[in-house]
Amino acid sequence: MTTQDTYTDRLSDYLDGELDPGGTAQVEAHLEGCEECRKTLADLRLVIAHAANLQDAGPDADLWPGVAACLGDGRGHVAQFRAPSPSKRFSFTMPQLVAAALALMVLSGSMVWLARLGGERTDFPAVAGQAVRPEMTPANLADAHFDEAISDLQQALDSGRGSLDPETVRVLEQNLLSIDNAIEQCRRALAADPANVYLNSHLAEAKKRKLALLRRATSIVAEIKG
Amino acid sequence: MRAVTATSLMLTGATRLHAQMPQSATPQAGAGAADFVALAAGGDVRAFEQLYRTHLPRVHSLVRRMAGGRDTDEITQDVFVRVWQKLGTFRGDSAFATWLHRLAVNVVIERFRTEATRRQRMHEGEDVFEILAAPRATGDLAMDLDTALTKLPDGAREIFVLHDVEGFKHHEIATMLEISAGTSKAQLHRARMMLRKHLRPAQGAPITT
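Residue numbers (my numbering), protein chains in the order written: chain S, 12 to 237; chain U, 74 to 282.
Read the hints as simulated data drawn from the structure, not as lab findings.
As the structure is a computational prediction, the values presented were derived from the model and not from experiment.
Don't take every hint at face value.
[As the list claims (entries may be wrong)] Here are some, though not all, of the chain U residues that point toward chain S, as calculated from beta-carbon distances under 10 Å:
hint, residue
1, Val-118
2, Val-132
3, Glu-147
[Said to hold, decoys possible] Now the in silico label distances, taken between C-beta atoms and shown as ranges:
hint, chain 1, residue 1, chain 2, residue 2, range
4, U, Gly-255, S, Glu-195, 51 to 61 Å
5, U, Arg-143, S, Arg-226, 52 to 62 Å
6, S, Ala-53, U, Val-118, 42 to 52 Å
7, S, Arg-181, U, Lys-159, 16 to 26 Å
8, U, Gln-158, S, Glu-234, 55 to 65 Å
9, U, Arg-126, S, Ala-40, 51 to 61 Å
10, U, Ala-168, S, Leu-82, 15 to 25 Å
11, U, Ala-168, S, Ala-36, 50 to 60 Å
12, U, Arg-126, S, Gly-33, 49 to 59 Å
13, S, Asn-64, U, Gly-255, 21 to 31 Å
Glycine included, each C-beta is placed from N, C-alpha and C at the ideal position.
Please model the complete structure; the sequences and the hints are all you need to start from.
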């Protein structure tokens, strides 16, 4: 191996800052007197620059059908509820439990945020500033029936909480908290924009979701106890 | 019990993403992306399709370069299926794109991983110099570089793509490929020297390594 080979092999490390100060000084001293290595160094810089600017391109054909066909498996986890006896084990898929609340949670934050932010949207109808039509009844934020129903269901669930698997209880509470957060976000946004049709419908939907989730959970508890 | 835990993690990760939703970003660039990730983590296939379409060009290009153009479509599909399966473990500690690209790299590596194969891939292709010395077919150096990549030895190409295109460090590459950092450096230099010849054919002298 010649001296030039030795230095040529170190040029990439030199460019990448991988040499220690002594090695760097040696290479730089060599470069001053070696035109060939200077050319090589310039070429390597060119390669690196082009690599950093490569353009991305997708496939010629749409791969989604093949991907979608494989999505059915691997995510259908089933949560087992602990029951007093083996004959009274109940289960339902966790997506049933979490999907609605999760989607609601995420959509709530973004939709409320968007509604408050204003501006043009292409994927949602513009509702900001739109007056409530007379035939529409905005959700009642102080709906006594709703609060009463929630309270009853919550008590029923609390009384049967011990029948459920602790991990399931934790997931359930997370979902309830997420829905409560969504309701609270709607409530705050509506305080500034009470006539916003979207926010009102979204709040009503959130309340329905909470009721449905509580009813589902309490029915499970009732079945276990029964 | 295990299934419950896995799903709970999914919800926790999504919750964290939701909490990190930028409050001042534009809806399209900030909250929208986080929403799609969270929704997909919750099982929303349509949201996942949106993620797929957003990231497909980048992932497909990464796979094509890493795999040298072999089975690119099939591997890309595998990547997105794996993303779907593992999305619940994404905790938002890094950008989703970063997480996705790292996963894609791992899928490609696993695809070709055996110790014997790996060793061979690091040393094969000595005859590549003449192939790469062919004059450029177009005036687009970037396009030519993509073409030239397919002709590099597998090991040198993988390391070049990981380091110079994807921006991984040598110690990260060494871990991913189960090689030493020194080997990574040597292979990177080797790849650059080969590509240098291809990009400047008129001035190139025979390359020695």
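Consistency of the hints with the structure:
1. Val-118: 6 Å, holds
2. Val-132: 9 Å, holds
3. Glu-147: 8 Å, holds
4. U:Gly-255 - S:Glu-195: 51 to 61 Å: 57 Å, holds
5. U:Arg-143 - S:Arg-226: 52 to 62 Å: 54 Å, holds
6. S:Ala-53 - U:Val-118: 42 to 52 Å: 50 Å, holds
7. S:Arg-181 - U:Lys-159: 16 to 26 Å: 22 Å, holds
8. U:Gln-158 - S:Glu-234: 55 to 65 Å: Given about 32 Å between the Cβ atoms, the range is violated.
9. U:Arg-126 - S:Ala-40: 51 to 61 Å: Taking Cβ atoms as reference, Arg-126 of chain U and Ala-40 of chain S lie about 53 Å apart, which means the hint holds.
10. U:Ala-168 - S:Leu-82: 15 to 25 Å: 23 Å, holds
11. U:Ala-168 - S:Ala-36: 50 to 60 Å: 38 Å, violated
12. U:Arg-126 - S:Gly-33: 49 to 59 Å: 51 Å, holds
13. S:Asn-64 - U:Gly-255: 21 to 31 Å: For Gly-255 of chain U against Asn-64 of chain S, whose Cβ atoms are near 28 Å apart, the range 21 to 31 Å holds.
In the structure shown, a violation is registered for the earlier hints numbered 8, 11, in ascending order.
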